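> Sequence:
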Amino acid sequence: MKETDESTDAKAFAKVILPLKLRGEQTYTYRVPEIFREQVRLGSRVTVQVVNVKYTGVISEFIPVPDIDVFRIRPVLSIEPYPAIRPLELEFWKRLSEYYMCTIGEVYAAACPTSLRPNRRKVAETSSAGAGEDVPDGDGARVNMEQVRPLTEKQAGALTGIRNAFASGKTVLLNGVTGSGKTEIYIHLIKETLEKGLDVLFLLPEKAVSRQLVHRLTKVFGKSVMIFHSGVSAAGRKEVIRYLSLDGVPPRLVIGLRSAVFLPFPRLGLTIVDEEHDSSYKQYDPAPRYNGRDAALMLSALHSADVLLGSATPSFESCYNVETGKYVQVLLDEKFNSAPEPSVTIVDMKKKKRENALKGSISFVLRDAIKARLESHEQVLVFRSRRAYAPAVICQHCGEIPHCPHCNTALTYHKFSASLKCHYCGYAYYPGSAMKCPVCGEGTLEPLGAGTERIEEELREMFPQAVVARYDADTFQSVAEGNRILKSFAEGNIDILVGTQMISKGFDFRGLTLAAVIQGESLIGLNDFRADEKALQLLTQLRGRVGRRDKQGEMIIQTALEKHPVFRLDEIGALLGERAEFGFPPYTRMLEITVRDRNRNRLEDVSGQVSRIISDSGISDFDGPVPP
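Residue numbers for the sequence shown follow our numbering, beginning at 3 and rising by one.
Misleading hints may appear alongside valid ones.
Said to hold, decoys possible - Calculated lysine to aspartate or glutamate pairs in the DMTMM-like style (CA-CA distance at most 25 Å, straight line):
| hint | residue 1 | residue 2 |
| --- | --- | --- |
| 1 | LYS417 | GLU463 |
| 2 | LYS17 | ASP71 |
| 3 | LYS553 | GLU380 |
FYI, nobody ran anything at the bench for these hints, they're computed from the structure. For clarity, every value in this text was computed on a predicted model and none was experimentally measured.
Input sequences plus hints: build the corresponding full structure.
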């Protein structure tokens, strides 16, 4: 009789989402003991057992009568003292799992606090820099109006355009040139949203970009600001989750990286995605392989929240959505200060080589421009897309180019550590000070090309009186050292800063008036249909770093492909036309299917089966299978 009563109880059995990749049925069914039924509810976190491992799962559904043998169903072991997952969160997880074709358990694993992930290695967000910023305490939601600057006529017009688009239910793309004052517009919108009692999500691509912005927004919004990324302590992140899980608390401005979309917002009113084009918003491994910008759009739709995408170099996807009327574009094409747009000089390196008008990686045009800036006590930024001393080395005797034995990619030469390293798997080979070839043993290994380390060395020799520093993944072994370099450059104590993509975005250096690009062709010679788009965005961001006050800046691009449209920085229409002509996104959608197996024969057999299934389904436009 007791079993009959239990089977008719509406909460007798529950389907539980586990932070696991489960095949077939994506939830497990558990029996809810009678002692828990009063307090348990949809979204409750519970401890359950799978085989011999305990996991914290989330109840997604109650079922009065299970469709399997009742006596085989294990009980819920305990209810965890964490706030329940809200219905909107569960719906968000479901939509993400469907869109990105993964299990809801994998989405839960990404959304679940690290402390609740048994047997799971922590997945850190990809970031080029970070600092341990903790969550401000207190409950105040006041705005310091003294820190809110009056808007220019252009900014006021853009703000009106954004409000009108929000009123019509449209997502807005704020296309504003670097230095146009997009942050001031963000501040006015955030203020209006907080005053309505609604929360704001402010997404940034990287912690390095967040530092100056967090400082600015905290000056205005004080204790209303909460920060959520891996640079914040575990206790600080847990406090953000705890606070947002409560009902009836004052609204907050949450600043975070892509994982902040999983926070339990009770009443989201506005989502701002700054630098919406940035590839750092994309999560590649593990699943869900989501884009933070697109996930934010899904989340905002569930909350009926307004969405503002900001960028000086919008993604082609966003430009396409403006074309089709899905988004409304608001232009901000005038800088906040009076400085004119930086000039762009393209140096034909083939011609300079014939004229013998270069020394190492530096053309005489760039040398003279750097000399002039240094004499005026101004700063210089030198960009190279490859770190280390040289991207590869070659034996002068046998012509061998050492490759990684695991990845089959050319080993990169690091002069400082006298090593050849693979930047994919971390393999390292030490040829010794003689740099003897590991194959013939007779020839000497000589550098091919130049990375940031070699360019730094050349600049030190060329300008011995200047202070030269390097900012890349090799020098950024510690957060403190990276912060020290940036702070020193911002204070004018470094004359020339050499770096990779890490220096291209988000920084505002008062004394910087010249940006130089070394081997610009390396940005577009990639096996990626998005290479031109990414190169255009990166070059525009670099250009925006110079001349941000009242003095005109200059950008010098050294390249062997001086006629390529990317280096004109105004060819978005032409590049989009190429995408449409050849059937690439955003005009189509592309899917990559990866098949893995330890057995090569079985791998080839299954890959062939997948290929036939695709063909039989009516899809004709596909390639493969091919080995990666």
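> Decide, hint by hint, whether the structure agrees.
Hint check results:
For a cut-off of 25 Å, the pair hint linking LYS417 to GLU463 stands: about 16 Å separates their Cα positions. Only pairs whose Cα atoms come within 25 Å are accepted, and LYS17 paired with ASP71 is accepted, the gap being roughly 15 Å. A C-alpha spacing of about 10 Å is found between LYS553 and GLU380, which places the hinted pair at or below 25 Å, so the restraint holds.
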